[in-house]
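Could you put the whole structure together from the sequences, leaning on the hints where they help?
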Amino acid sequence: MRKLIILLSTIIYCANAAIAQASAKQALIVVHIETPVKAEFKQKIYAYHFLNGHFTGRDELMIVNGKQGGKDYIRTDLGVCTLYKDRYLITGIGNILDLKEKKILFDGRAQLVRCSNDSAIFYTNDFAKGKFYSVYNFKTNQYGEVKNLTFKAKPGQDVEFDKTTLPFKLNLYPPNKPKIELVKDAGYGQIVKEGKTPDPPMWWIDNNNFIYLYYNKENTEVSVYKVNADTKVSTLMGKLPFKPGTKAPFIKKEDKFVTTVNFSEKIISVNMKNDKVEELSFTYPSDGFAAEAKASGSGRRILQMNNNKELGKYHFQLKNFKTSENTIGLVKELVVGEESYQQGMAVWNYDQKKFEKVDAEDVLTLVGWINE
8 MRKLIILLST
18 IIYCANAAIA
28 QASAKQALIV
38 VHIETPVKAE
48 FKQKIYAYHF
58 LNGHFTGRDE
68 LMIVNGKQGG
78 KDYIRTDLGV
88 CTLYKDRYLI
98 TGIGNILDLK
108 EKKILFDGRA
118 QLVRCSNDSA
128 IFYTNDFAKG
138 KFYSVYNFKT
148 NQYGEVKNLT
158 FKAKPGQDVE
168 FDKTTLPFKL
178 NLYPPNKPKI
188 ELVKDAGYGQ
198 IVKEGKTPDP
208 PMWWIDNNNF
218 IYLYYNKENT
228 EVSVYKVNAD
238 TKVSTLMGKL
248 PFKPGTKAPF
258 IKKEDKFVTT
268 VNFSEKIISV
278 NMKNDKVEEL
288 SFTYPSDGFA
298 AEAKASGSGR
308 RILQMNNNKE
318 LGKYHFQLKN
328 FKTSENTIGL
338 VKELVVGEES
348 YQQGMAVWNY
358 DQKKFEKVDA
368 EDVLTLVGWI
378 NE
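Here the working numbering is used: the first residue of the sequence shown is 8, the next is one more, and so on.
In short, the hints are calculated from the structure, not lab data.
By construction, the Cβ of each residue, glycine as well, lies at the ideal position given by its N, Cα and C atoms.
One thing to keep in mind: the hints can contain errors.
Below 30 Å or equal to it, Euclidean Cα-Cα: the simulated DSSO-like pairs (lysine-lysine) are [stated by the list, open to error]:
(1) Lys233 with Lys250
(2) Lys92 with Lys159
(3) Lys301 with Lys250
(4) Lys326 with Lys263
(5) Lys51 with Lys78
(6) Lys45 with Lys32
(7) Lys320 with Lys361
(8) Lys161 with Lys246
(9) Lys283 with Lys301
(10) Lys259 with Lys320
(11) Lys161 with Lys146
(12) Lys280 with Lys233
(13) Lys32 with Lys78
(14) Lys326 with Lys51
(15) Lys233 with Lys283
Ranges between beta-carbon positions, derived for each pair [to be verified]:
(16) His61 with Leu173: 50 to 60 Å
(17) Phe139 with Gly86: 17 to 27 Å
(18) Pro181 with Glu108: 39 to 49 Å
Laid out in structure tokens, this is it:
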């Protein structure tokens, strides 16, 4: 009798799981650019609805201006957007949009540190405004600067690149004390297409140790250094060949130990657990999927990591490769020489186990998936 009960329970559990999976409703948040209106840089935000990866329709959520008074305003295409509680869209520059109420909650700029409970915590480091933390409360819809001087939402100290001379320097700015030179030669920075030299990537491991990327003068090699802010000791973790890209990379913390530096055609993995630095052939696995880092003439391969199965091969940019549990969304491109042309989206239909084409024009960015 006991075995029969266990068997029946297992059958019911599996049946419920199958039903839950069979009715999985998700939406892919997609931003389109309204190309004729360049002055305002209008961005149309849509929810593309899917049932088990099958497209069922779309709804326009909001229209926001990317430019206002000749300056950047709401920009969904700068940095990495964050979706919180399947409702709030936080742009890479810190704007907050309520996709449910279809309104702008915060139009200022700040660096998102993390979302916690009913709040989003930001950090500002601005020449004119100064350095401070701020918090947006989603319950009260109030945004304010943190007045508690001892409040600290992320590890690390005040370290900045000095780019007034070459090579760059790294300086520590202790509170109410003179600056301290930590690194005399911190490299030459990345030469991007526009001729600008952004700050090299840098992130903190804990309150005393941080990691930064050193670019040599010719931009043919990138080295990864770990620095102790107390002892001023710099340790080389590894170095890799490098080619200048068109844009600065973005940093992504993958788990407790691994951080990736994502360029357009190169992904560097930095593992703090074993001090290992390596170039990845595929993106770090996300929701069980990975995309090939370098595109070949026939596109990038997409893998399902649990069985190492290739699901397809398409031309697409890694920034427009978004995953959720069982689902992938990407923007297909037709590459002709140095030019590329969008060819709609491809979404993994995990009911039919294949990619489904979804018509979409002038996609500015794929934000990510939400549950419905």
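Hint check, failures only: 6, 13
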